[in-house]
Amino acid sequence: MQVTETNLQFFAKQIRFYTLKELQAVGFGHYGGSLSIVEALAVLYGKHLTIDADDANNPDRDYFVLSKGHGGPALYATLFLKKFFSEETLYTLNQNGTTLPSHPDRNLTPGVEMTTGSLGQGISAAAGIAFGNKLDGRSNYTYAIVGDGELNEGQCWEAIQFAAHHKLDHFVVFIDENKKQLDGLTIDIMNPFDFVEKMKAFGFAAERVDGSNVDAIDEAIQRAKKRSGQPTAIVLDTTKGQGVSYLEEKVDNHHIRPSMDDTNAINAALAELEKALAGGENQ
Amino acid sequence: MMGSARLDDKEMRQTYADTILELARNDDRVIALEADLSSAMTTSRLEKELPGQFVNVGIMEANMMGIAAGLSIVGRKPFIHSFGQFVTRRAFDQLFVSLGYAKLSAVIVGSDAGVTAEHNGGTHMTFEDIALVREIPNAHVYEASDSYQLQYLLKKAYKEGGLHYIRTIRKKAVKLYDENETFEKAKVLRSGKDVTIIASGIMVAESLQAAVQLSQMGMEATVIDMFSIKPLDIDTLIEAAKATGVVVTAENHNVNGGLGSAVAEALSENFPVPLYRIGVRERFGQVGQTEYLKKVYGLNAETIVKEVKNRLEVVI
Numbered sequence: 000m001q002v003t004e005t006n007l008q009f010f011a012k013q014i015r016f017y018t019l020k021e022l023q024a025v026g027f028g029h030y031g032g033s034l035s036i037v038e039a040l041a042v043l044y045g046k047h048l049t050i051d052a053d054d055a056n057n058p059d060r061d062y063f064v065l066s067k068g069h070g071g072p073a074l075y076a077t078l079f080l081k082k083f084f085s086e087e088t089l090y091t092l093n094q095n096g097t098t099l100p101s102h103p104d105r106n107l108t109p110g111v112e113m114t115t116g117s118l119g120q121g122i123s124a125a126a127g128i129a130f131g132n133k134l135d136g137r138s139n140y141t142y143a144i145v146g147d148g149e150l151n152e153g154q155c156w157e158a159i160q161f162a163a164h165h166k167l168d169h170f171v172v173f174i175d176e177n178k179k180q181l182d183g184l185t186i187d188i189m190n191p192f193d194f195v196e197k198m199k200a201f202g203f204a205a206e207r208v209d210g211s212n213v214d215a216i217d218e219a220i221q222r223a224k225k226r227s228g229q230p231t232a233i234v235l236d237t238t239k240g241q242g243v244s245y246l247e248e249k250v251d252n253h254h255i256r257p258s259m260d261d262t263n264a265i266n267a268a269l270a271e272l273e274k275a276l277a278g279g280e281n282q
Numbered sequence: 000m001m002g003s004a005r006l007d008d009k010e011m012r013q014t015y016a017d018t019i020l021e022l023a024r025n026d027d028r029v030i031a032l033e034a035d036l037s038s039a040m041t042t043s044r045l046e047k048e049l050p051g052q053f054v055n056v057g058i059m060e061a062n063m064m065g066i067a068a069g070l071s072i073v074g075r076k077p078f079i080h081s082f083g084q085f086v087t088r089r090a091f092d093q094l095f096v097s098l099g100y101a102k103l104s105a106v107i108v109g110s111d112a113g114v115t116a117e118h119n120g121g122t123h124m125t126f127e128d129i130a131l132v133r134e135i136p137n138a139h140v141y142e143a144s145d146s147y148q149l150q151y152l153l154k155k156a157y158k159e160g161g162l163h164y165i166r167t168i169r170k171k172a173v174k175l176y177d178e179n180e181t182f183e184k185a186k187v188l189r190s191g192k193d194v195t196i197i198a199s200g201i202m203v204a205e206s207l208q209a210a211v212q213l214s215q216m217g218m219e220a221t222v223i224d225m226f227s228i229k230p231l232d233i234d235t236l237i238e239a240a241k242a243t244g245v246v247v248t249a250e251n252h253n254v255n256g257g258l259g260s261a262v263a264e265a266l267s268e269n270f271p272v273p274l275y276r277i278g279v280r281e282r283f284g285q286v287g288q289t290e291y292l293k294k295v296y297g298l299n300a301e302t303i304v305k306e307v308k309n310r311l312e313v314v315i
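Protein sequences appear in the order of chains W and D.
Counted from 1, the first sequence has number 120 at position 121 by numbering that gives the first Met the number 0; the numbering is strictly sequential.
Counted from 1, the second sequence has number 105 at position 106 by numbering that gives the first Met the number 0; the numbering is strictly sequential.
Hints are supplied without guarantee of correctness; some may be wrong.
Calculated lysine-lysine pairs in the PhoX-like style (CA-CA distance at most 25 angstroms, straight line) [said to hold, decoys possible]: (1) W/K133 - D/K102; (2) W/K274 - W/K12; (3) W/K166 - D/K47; (4) D/K308 - D/K186; (5) D/K229 - D/K186; (6) D/K184 - D/K241; (7) D/K186 - D/K158; (8) D/K47 - W/K133; (9) W/K224 - W/K199.
In case anyone wonders, no lab produced these hints; they're calculated from the structure.
Please put together the full structure from these sequences, using the hints given.
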């Protein structure tokens with residue numbers, strides 16, 4: 000089935016719904032940075048990535064690396080919806096003996112291409128994947144999501160420089176600019192300045208889009224696929240806790256162990272999403 | 000120093016480059032990575048001879064580990080070289096997580112082992128690389144003692160897959176082996192009844208020289224080239240410990256965490272015998288010629304003879 004733009008919005012709601020349910024099952028976790036990448040995951044997995052759970056090792060598949068590994072819960076909800084594992088498995092997040100650890104592990108979780116969580120490393124591996132595919136003459140795409148806080152890590156800028164030097168035009172880096180890192184606002188902890196200008200200075204094509212708008216993300220990817228000779232950076236203007244207003248407004252929302260008030264608000268968000276999803280994707 | 004010892008015909012770096020070339024010609028998945036030290040390692044010629052099988056990533060050791068991880072994911076067989084300190088202590092989390100924990104295959108070669116970093120001095124003199132890589136679960140850790148052994152170990156690592164660290168000098172080593180040797184078990188190079196000397200890298204030749212001097216004094220030494228620090232050939236080790244009752248280790252590395260530690264741990268658990276570890280103790284590197292630095296840090300036949308005599312006197 001060709002996924003339409005409406006479906007992408009629906010798919011994003013599904014991902015958000017299951018991300019919240021999954022995090023509730025374990026009782027704590029990285030809510031903020033998982034929710035801010037939901038729309039990007041919806042567009043990638045709902046429309047662009049040529050992947051198939053039944054043919055997961057096809058060398059011509061597109062690759063996705065979640066460099067900001069703490070967004071794992073949102074990736075797992077997406078992979079469940081793409082049939083890489085069961086709903087029952089989804090609710091084992093961070094339980095003893097689980098195949099779904101906080102940070103993605105390529106050896107544990109079907110559909111996870113690279114082990115990440117030590118910030119700055121996933122983008123290098125993604126650049127290596129894109130480079131290897133280019134050397135071998137394949138035309139598949141490699142996508143990575145890095146966090147705005149993650150870009151504090153110097154290694155990211157090594158990988159970015161490498162990708163531009165090698166003209167990896169089948170490599171798309173999303174920067175999840177949710178403006179917060181663990182200890183507070185990025186602008187207070189370590190001013191990122193202008194990511195678009197920085198990425199351009201490092202040799203990327205770069206643009207900023209509304210990271211809560213699936214159509215805007217989709218169009219940016221389409222523009223990236225038309226470019227040759229340089230990689231693309233898509234800066235996602237997002238909100239930590241995106242799509243759940245209570246969590247968006249919560250100041251300290253990187254890792255949450257919900258209070259009673261938090262739980263009530265998350266339950267209300269789940270009920271609202273469930274209602275929206277009940278009508279089906281062609282409503 | 001080794002008055003009668005014959006050096007290899009070829010520098011270790013030439014052996015590295017030649018071996019990569021041979022492997023790469025037969026397998027287009029092989030790819031060599033350098034971080035702006037390709038002319039120091041003589042691998043710069045690979046770029047011309049092997050398009051698509053060599054990449055110089057610039058001075059980006061952390062990124063190099065990740066690029067290798069990505070290349071391994073898409074089926075390439077990466078060989079990574081830089082000076083030992085850059086591929087271990089500088090990029091250790093990348094080596095640990097992106098390659099080790101991710102269970103990806105790569106052969107990491109760290110050159111200018113210990114004092115052979117010579118005039119690059121303390122910043123470049125690596126006495127802790129073996130200790131670091133030994134901590135990575137399932138990683139193989141080798142120190143090559145001569146050119147043929149280096150070639151063999153590179154091919155062995157290529158065939159086995161997984162994560163391998165090979166420590167080497169760049170210049171000519173003392174020739175120890177003919178081209179019909181295999182390196183699947185520790186090499187017992189000399190057998191004696193009084194003491195076992197276990198060494199790796201440049202300390203193997205020093206140990207052989209010490210054994211000759213000890214023999215002239217009436218003490219017969221077994222000398223073992225323990226080129227594989229991990230996995231350690233415990234059977235050969237215990238057999239020698241049982242036969243001699245005293246063990247001395249010799250390494251161009253810190254005594255904490257390297258060959259001496261590995262031997263001490265294995266003997267303590269299996270067959271405790273008096274042991275002394277020759278190596279670097281609580282010191283950083285410094286500039287100097289290799290032979291001078293060997294004296295400064297006690298990494299020579301003279302020290303081995305002295306410490307063996309000390310141990311044997313205590314035991315007797």
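Now for the hints, and whether the structure bears them out:
no., hint, in the structure
1, W/K133 - D/K102, "23 angstroms, holds"
2, W/K274 - W/K12, "11 angstroms, holds"
3, W/K166 - D/K47, "20 angstroms, holds"
4, D/K308 - D/K186, "23 angstroms, holds"
5, D/K229 - D/K186, "15 angstroms, holds"
6, D/K184 - D/K241, "18 angstroms, holds"
7, D/K186 - D/K158, "21 angstroms, holds"
8, D/K47 - W/K133, "18 angstroms, holds"
9, W/K224 - W/K199, "17 angstroms, holds"
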